[in-house]
Amino acid sequence: MSATAETKDRVAELAGAYKHGWSTDIESVFAPKGLNEDIVRYISEKQNEPEWLLEWRLKAFAMWQKLEEPDWAMLNYPPIDYQDIYYYAAPKTKEGPNSLDEVDPELLRTYEKLGIPIAEQAVLAGVKGAPKVAVDAVFDSVSVATTYREELKRVGVVFMSISEAVHEHPELVKKYLGTVVPQRDNYFATLNCAVFSDGTFVYIPKGVRCPMELSTYFRINAENTGQFERTLIIADEGSYVSYLEGCTAPMRDENQLHAAVVELIALDDAEIKYSTVQNWYPGDKDGKGGIYNFVTKRGLCRGRNSKISWTQVETGSAITWKYPSCILEGDGSVGEFYSVAVTNNRQQADTGTKMIHIGKNTRSKIISKGISAGHSSNTYRGLVRVLGGADDVRNFTQCDSLLLGDTCAAHTVPYIEVRNPTAQIEHEATTSKISDDQMFYCMARGLDPEEAVAIVVNGYAKEVLRELPMEFAVEAQALLGISLEGSVG
Amino acid sequence: MTQMLDIKNLHVAIEDGTILKGLDLKIKPGEVHAIMGPNGSGKSTLAATLAGNPAYEVTKGKVTYLGEDLLALEPHERAAKGVFLGFQYPVEIPGVSNLNFLRTTLNAQRRLRGEEPLDGATFMKLAREKAEKLGVSMDMMKRSVNVGFSGGEKKRNEMVQMAVIDPKLAILDETDSGLDIDALKVVSDGINALRGADRAILLITHYQRLLDYVKPDHVHVLDDGRITRSGGPELARELEEKGYQAVA
Numbered sequence: 001m002s003a004t005a006e007t008k009d010r011v012a013e014l015a016g017a018y019k020h021g022w023s024t025d026i027e028s029v030f031a032p033k034g035l036n037e038d039i040v041r042y043i044s045e046k047q048n049e050p051e052w053l054l055e056w057r058l059k060a061f062a063m064w065q066k067l068e069e070p071d072w073a074m075l076n077y078p079p080i081d082y083q084d085i086y087y088y089a090a091p092k093t094k095e096g097p098n099s100l101d102e103v104d105p106e107l108l109r110t111y112e113k114l115g116i117p118i119a120e121q122a123v124l125a126g127v128k129g130a131p132k133v134a135v136d137a138v139f140d141s142v143s144v145a146t147t148y149r150e151e152l153k154r155v156g157v158v159f160m161s162i163s164e165a166v167h168e169h170p171e172l173v174k175k176y177l178g179t180v181v182p183q184r185d186n187y188f189a190t191l192n193c194a195v196f197s198d199g200t201f202v203y204i205p206k207g208v209r210c211p212m213e214l215s216t217y218f219r220i221n222a223e224n225t226g227q228f229e230r231t232l233i234i235a236d237e238g239s240y241v242s243y244l245e246g247c248t249a250p251m252r253d254e255n256q257l258h259a260a261v262v263e264l265i266a267l268d269d270a271e272i273k274y275s276t277v278q279n280w281y282p283g284d285k286d287g288k289g290g291i292y293n294f295v296t297k298r299g300l301c302r303g304r305n306s307k308i309s310w311t312q313v314e315t316g317s318a319i320t321w322k323y324p325s326c327i328l329e330g331d332g333s334v335g336e337f338y339s340v341a342v343t344n345n346r347q348q349a350d351t352g353t354k355m356i357h358i359g360k361n362t363r364s365k366i367i368s369k370g371i372s373a374g375h376s377s378n379t380y381r382g383l384v385r386v387l388g389g390a391d392d393v394r395n396f397t398q399c400d401s402l403l404l405g406d407t408c409a410a411h412t413v414p415y416i417e418v419r420n421p422t423a424q425i426e427h428e429a430t431t432s433k434i435s436d437d438q439m440f441y442c443m444a445r446g447l448d449p450e451e452a453v454a455i456v457v458n459g460y461a462k463e464v465l466r467e468l469p470m471e472f473a474v475e476a477q478a479l480l481g482i483s484l485e486g487s488v489g
Numbered sequence: 001m002t003q004m005l006d007i008k009n010l011h012v013a014i015e016d017g018t019i020l021k022g023l024d025l026k027i028k029p030g031e032v033h034a035i036m037g038p039n040g041s042g043k044s045t046l047a048a049t050l051a052g053n054p055a056y057e058v059t060k061g062k063v064t065y066l067g068e069d070l071l072a073l074e075p076h077e078r079a080a081k082g083v084f085l086g087f088q089y090p091v092e093i094p095g096v097s098n099l100n101f102l103r104t105t106l107n108a109q110r111r112l113r114g115e116e117p118l119d120g121a122t123f124m125k126l127a128r129e130k131a132e133k134l135g136v137s138m139d140m141m142k143r144s145v146n147v148g149f150s151g152g153e154k155k156r157n158e159m160v161q162m163a164v165i166d167p168k169l170a171i172l173d174e175t176d177s178g179l180d181i182d183a184l185k186v187v188s189d190g191i192n193a194l195r196g197a198d199r200a201i202l203l204i205t206h207y208q209r210l211l212d213y214v215k216p217d218h219v220h221v222l223d224d225g226r227i228t229r230s231g232g233p234e235l236a237r238e239l240e241e242k243g244y245q246a247v248a
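Residue numbers (the working numbering), protein chains in the order written: chain Y, 1 to 489; chain D, 1 to 248.
Do not rely on the hints blindly, as some may be mistaken.
[What the hints assert, rightly or not] Okay, the calculated beta carbon distance ranges per label pair: (1) Y/Thr407 <-> D/Asp16: 21 to 31 Å; (2) Y/Asp71 <-> D/Arg111: 40 to 50 Å; (3) D/Pro94 <-> Y/His411: 16 to 26 Å; (4) D/Leu112 <-> Y/Asn36: 52 to 62 Å; (5) D/Lys125 <-> Y/Pro78: 36 to 46 Å; (6) D/Glu129 <-> Y/Asn420: 53 to 63 Å; (7) D/Ala193 <-> Y/Gly486: 38 to 48 Å.
[To be verified] Below are the DSSO-like pairs computed for lysine-lysine, each with C-alpha atoms no more than 30 Å apart in a straight line: (8) D/Lys133 <-> D/Lys28; (9) Y/Lys433 <-> D/Lys142; (10) D/Lys215 <-> D/Lys242; (11) Y/Lys365 <-> D/Lys142; (12) D/Lys142 <-> Y/Lys462; (13) Y/Lys462 <-> D/Lys154; (14) Y/Lys462 <-> D/Lys125; (15) D/Lys142 <-> D/Lys168; (16) Y/Lys433 <-> D/Lys154.
It should be emphasised that the hints constitute simulated quantities derived from the structure, not laboratory data.
C-beta atoms are modelled at their ideal positions from N, C-alpha and C, and glycine is treated no differently.
Between the sequences and the hints, there should be enough to build the whole structure, so can you do that?
Structure (structure tokens):
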């Protein structure tokens, strides 16, 4: 069965199962604005969730009401009115353009530069009626998707939406959900626990090397899950998986607040590679609009010699608050963080990582490349913590900032807490600008100013970009250039 | 024959003052010109101005290139129309391989000219062929642009770029400086390979040495922002023997 057909069947099946039904009238499927226990119950009921999960959500909601929004990040934004937000499937289908002719030409120009096919452009731009094409267009062909599904099934890899997993693999979800990012972890994570809409669930069985990069592209039901996404990836002993999240194309999205939670668990000798390209709407030149992105991403290297590697290319969102972290519990485990964060115009990013060394002989590596332009602010905030029992830990941190123009800001806030004298911690940091000489050299060879900036910036970010899987890397390079348009000249 | 490059009464200033003070020069297709002069005479200013470096301000005068007002064009537009500047101090671009840089710039030029970009295989063949001729290994072509290169390697790299880009007007700013005799021969071969009926070369040099290998049709002496003498190859030898002071 093709993935599309399977989706349709699944939707039809679910629609018959409860009263609100969502296949008959998609536009009506949204809860009213605001958040209270009833909304949490509504969301849970919509997903036809078991009682334990509803209880789990309600517990989180009770916690959240007592928590205060953090204000320590180097970010400035007006207070968020949490009662003025839709928490379930905002009615964006109503407001979508009827055809590509109605879509902002700027957006289309960007798509064109990224080399995105027309059919896919329509999906990304939120054109009415396009989502059905979506799956097929994004897949290139349904048969490719089917082949992938079958191949994954053959090796026992579970790759589905988390709402499906709750029903099909309740024991796994129950066992691991909230074990890396506890319900009480932080304001935004707790909110996510209460209202998460959907997300991805991956389980790689013992000893299996996942035969392909898993991408949200290949997961059905990927629409409408962006706002309070929940991802749970478990790599069992000796397994390997590479997961790609996001998309280089700017997504049309009416939801301003995004608060996702991603939990990764690597058991003995397992490896998880998690790559993100985030390009949500950053707001206009004057800072109007744009997504507020408050994400909690954390990986737990629970097993011996396990490895978790985060690679992120962050170019979108008006506000980015994000610290993909690794808890290195298993002896000999390895955590890596490779990041390129671009801010332009009025964007603000406060991003970095946490490496918590608990096990012996654990190693971590942090490569962070910040790029600031326009009137933006870009902060690296990183914590390297070595606990007392963690002998022979090694960490290497490299933290570079590149400034374009003289109205932007770059900050570096490293925290290093070492409680074991055998640890070797290295921290390097640089701040640089693109020199006039570099610009002129590139232009004298035929590049226009924007192309010149793009090539220099891509060179600067190369150490991170090369960590991305091939298909992402090429698009990410184009994206860096596009994100910095208008920052020179 | 019409001029390829026609410089009339060129005055150029930088922040610190006026460098070129009424320079005139005509170059026809097929010709090789050498401009010689002491330090501070304005040689590099002329090169930078022709390539469009924004740090140099043209305060007076006119430059016509292939019938067009060269000064009205942006540096990348000049490049696409066939103007190539070989840098005296080639610039480092960390993280960008020579091959990537060369392919990106070549295709940017082709796009500006309305030509199709070269595909990967065709480009690689071209780059390999040109690099080999100039004694540049493919390993070096994969390294970041000019990063950690010796002075000689940087100049050879400029010549590889020139050979691949195949310009109409090559302006070579002290390409011979910092080269040992073997490298000088290789670089000279590269320059000679570019000679042709529809192309021109402007050599800017401090020493006569390069002119033993690349025979110029015309030699000019630049002094205090003006061309004070012009002649054939014999002028270069005279300069070498008597010094700039006596000749200029």
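Okay, the hints, checked on the actual structure:
no. : hint                              : in the structure
1   : Y/Thr407 <-> D/Asp16: 21 to 31 Å  : holds, 27 Å
2   : Y/Asp71 <-> D/Arg111: 40 to 50 Å  : holds, 48 Å
3   : D/Pro94 <-> Y/His411: 16 to 26 Å  : holds, 23 Å
4   : D/Leu112 <-> Y/Asn36: 52 to 62 Å  : holds, 60 Å
5   : D/Lys125 <-> Y/Pro78: 36 to 46 Å  : violated, 58 Å
6   : D/Glu129 <-> Y/Asn420: 53 to 63 Å : holds, 57 Å
7   : D/Ala193 <-> Y/Gly486: 38 to 48 Å : holds, 41 Å
8   : D/Lys133 <-> D/Lys28              : holds, 27 Å
9   : Y/Lys433 <-> D/Lys142             : holds, 24 Å
10  : D/Lys215 <-> D/Lys242             : holds, 20 Å
11  : Y/Lys365 <-> D/Lys142             : holds, 26 Å
12  : D/Lys142 <-> Y/Lys462             : holds, 14 Å
13  : Y/Lys462 <-> D/Lys154             : holds, 22 Å
14  : Y/Lys462 <-> D/Lys125             : holds, 25 Å
15  : D/Lys142 <-> D/Lys168             : holds, 27 Å
16  : Y/Lys433 <-> D/Lys154             : holds, 22 Å
The structure does not agree with numbered hint 5 stated previously, though it agrees with all others.
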